[in-house]
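Asker: Full structure from sequences and hints, please.
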Amino acid sequence: MPHHTSPYASAVLEKERIRQPWRLRLHEIIFESDTPAGKAFDVVLLILILFSILIVMLESVDSVARRHGEMLRLVEWIVTLLFTIEYGLRILSAGRASRYLFSFFGIIDLLSILPTYLSLVIVGSQYLLVIRGLRLLRVFRVLKLSRYMGEAQILTLALRQSVAKITVFIGTVVILVIIMGAAMYLIEGPENGFRNIPISIYWAVVTLTTVGYGDIAPQTTAGQLLATLLMIMGYGIIAVPTGIVSVELNKAERKPTDRDAASGQQADAAGTSPGPMDLERAVHSACRVERVWFDAERIHFVLHDGRDVGIPFAWYPTLQHAEPQQRERWKLLAKGALVHWPGLDVDILITEVLK
Numbered sequence: 001m002p003h004h005t006s007p008y009a010s011a012v013l014e015k016e017r018i019r020q021p022w023r024l025r026l027h028e029i030i031f032e033s034d035t036p037a038g039k040a041f042d043v044v045l046l047i048l049i050l051f052s053i054l055i056v057m058l059e060s061v062d063s064v065a066r067r068h069g070e071m072l073r074l075v076e077w078i079v080t081l082l083f084t085i086e087y088g089l090r091i092l093s094a095g096r097a098s099r100y101l102f103s104f105f106g107i108i109d110l111l112s113i114l115p116t117y118l119s120l121v122i123v124g125s126q127y128l129l130v131i132r133g134l135r136l137l138r139v140f141r142v143l144k145l146s147r148y149m150g151e152a153q154i155l156t157l158a159l160r161q162s163v164a165k166i167t168v169f170i171g172t173v174v175i176l177v178i179i180m181g182a183a184m185y186l187i188e189g190p191e192n193g194f195r196n197i198p199i200s201i202y203w204a205v206v207t208l209t210t211v212g213y214g215d216i217a218p219q220t221t222a223g224q225l226l227a228t229l230l231m232i233m234g235y236g237i238i239a240v241p242t243g244i245v246s247v248e249l250n251k252a253e254r255k256p257t258d259r260d261a262a263s264g265q266q267a268d269a270a271g272t273s274p275g276p277m278d279l280e281r282a283v284h285s286a287c288r289v290e291r292v293w294f295d296a297e298r299i300h301f302v303l304h305d306g307r308d309v310g311i312p313f314a315w316y317p318t319l320q321h322a323e324p325q326q327r328e329r330w331k332l333l334a335k336g337a338l339v340h341w342p343g344l345d346v347d348i349l350i351t352e353v354l355k
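Numbered per UniProt numbering, the sequence shown finishes at 355, counting up by one with no gaps.
Please keep in mind that the hints were generated in silico from the structure rather than gathered at the bench. For clarity, every value in this text was computed on a predicted model and none was experimentally measured. In this text, a Cβ means the ideal position worked out from N, Cα and C, and glycines have one as well. One should not assume that every hint holds.
To be verified - Across the chosen pairs, the derived CB separations fall in these ranges: (1) Leu155 - Ala322: 44 to 50 Å; (2) Ser98 - Pro36: 39 to 45 Å; (3) Trp293 - Leu118: 41 to 47 Å; (4) Asn192 - Glu70: 51 to 57 Å; (5) Arg291 - Thr84: 34 to 40 Å; (6) Phe105 - Arg291: 26 to 32 Å; (7) Leu58 - Gln326: 35 to 41 Å; (8) Ala322 - Val174: 36 to 42 Å; (9) Trp293 - Tyr235: 57 to 63 Å; (10) Val240 - Leu81: 47 to 53 Å; (11) Trp293 - Ser60: 53 to 59 Å.
Answerer: Encoded structure:
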């Protein structure tokens, strides 16, 4: 079976590619938000993004632009230079620069600074700076608390599981509005505003979604009856995607619990502690590692809630016989990892760090 690398494992692999300690520290500040420095960086970046968007909005107001245009342009250039420095630091501290450059947020970061430089040669391009609003998607992570990380993964899983069903549903809706639009065109005709089938389909979509702009309305009795039927269908159709996602969300919430219970029963029957768990099974009660230390027999993980969890060295013989320098490097990689606490006072394993 193909192995699917978890998001955390990918992050670890990125950090492993960084050999210089200062680059590793820079990576933790810029790309992670679990440390005080990382959180502070994201907060400052968020404020800077909102401020830059405010500048663009003010520049679009004629009276403000006439009175304070020069100052606004100066401030915008300062902000752009700060974003350019940030972009360069992200490239410098990334494990693989190409992976960041061609990632979604790497492209967004580039597009957020290009318009200002393009404005030197292309008039009006500075208004493309509103694309900086998309950068808010990345820094919103600083607002998330650790206990909501699992719920976000569950929601993502539910949406993925719903894609096929929702695709079939959307296809059904498209067929329905085409049929209803064509029928209304035949019933009402151009004399009542339904000039062609595309316009009639537009009316069907507006009616089915219960928006009802009122720019086109049926005049005949048959047309009004068809519109009534379509509006009633609209209320039922709106509820379908919600129901699909809700069912998958309920399934996704149950799966980790069921698997953990089965794992616990197997461990109890064997009289052993639980073994390594995949990150997808650790959605519930996930904790982050704040610090790692070693004694003669165990690896100790100090979690964000203060618990000190010991893991036998025997489970990781490679690490047990590693050089002190290798252990110190591994401690840096383990910091910030997600571990799972199943509610039992037994040893737990950090997931995928040593892969």
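Asker: For every hint, state whether the structure bears it out.
Answerer: Here is how each hint holds up against the structure:
1. In this structure the hint that Leu155 and Ala322 lie 44 to 50 Å apart at CB is violated, the actual value being about 39 Å.
2. Between Ser98 and Pro36 the beta carbon distance is about 30 Å. The supplied range of 39 to 45 Å is therefore violated.
3. The hinted window of 41 to 47 Å between Trp293 and Leu118 is violated, with their beta carbons roughly 52 Å apart.
4. Asn192 and Glu70 have their C-beta atoms about 56 Å apart, which keeps the hinted 51 to 57 Å range intact.
5. Taking the beta carbon of each, Arg291 and Thr84 are about 35 Å apart, inside 34 to 40 Å as hinted.
6. The hinted window of 26 to 32 Å between Phe105 and Arg291 holds, with their beta carbons roughly 29 Å apart.
7. For the hinted restraint 35 to 41 Å between Leu58 and Gln326, the CB-CB distance of approximately 54 Å leaves it violated.
8. Restraint check, Ala322 to Val174: a C-beta distance of roughly 59 Å breaks the suggested window 36 to 42 Å.
9. The hinted range of 57 to 63 Å is satisfied by Trp293 and Tyr235, whose Cβ atoms lie roughly 60 Å apart.
10. Between Val240 and Leu81 the beta carbon distance is about 50 Å. The supplied range of 47 to 53 Å therefore holds.
11. Separated by about 55 Å at the C-beta atoms, Trp293 and Ser60 satisfy the suggested range of 53 to 59 Å.
Hints 1, 2, 3, 7, 8, counting from the list given before, are not met by this structure.
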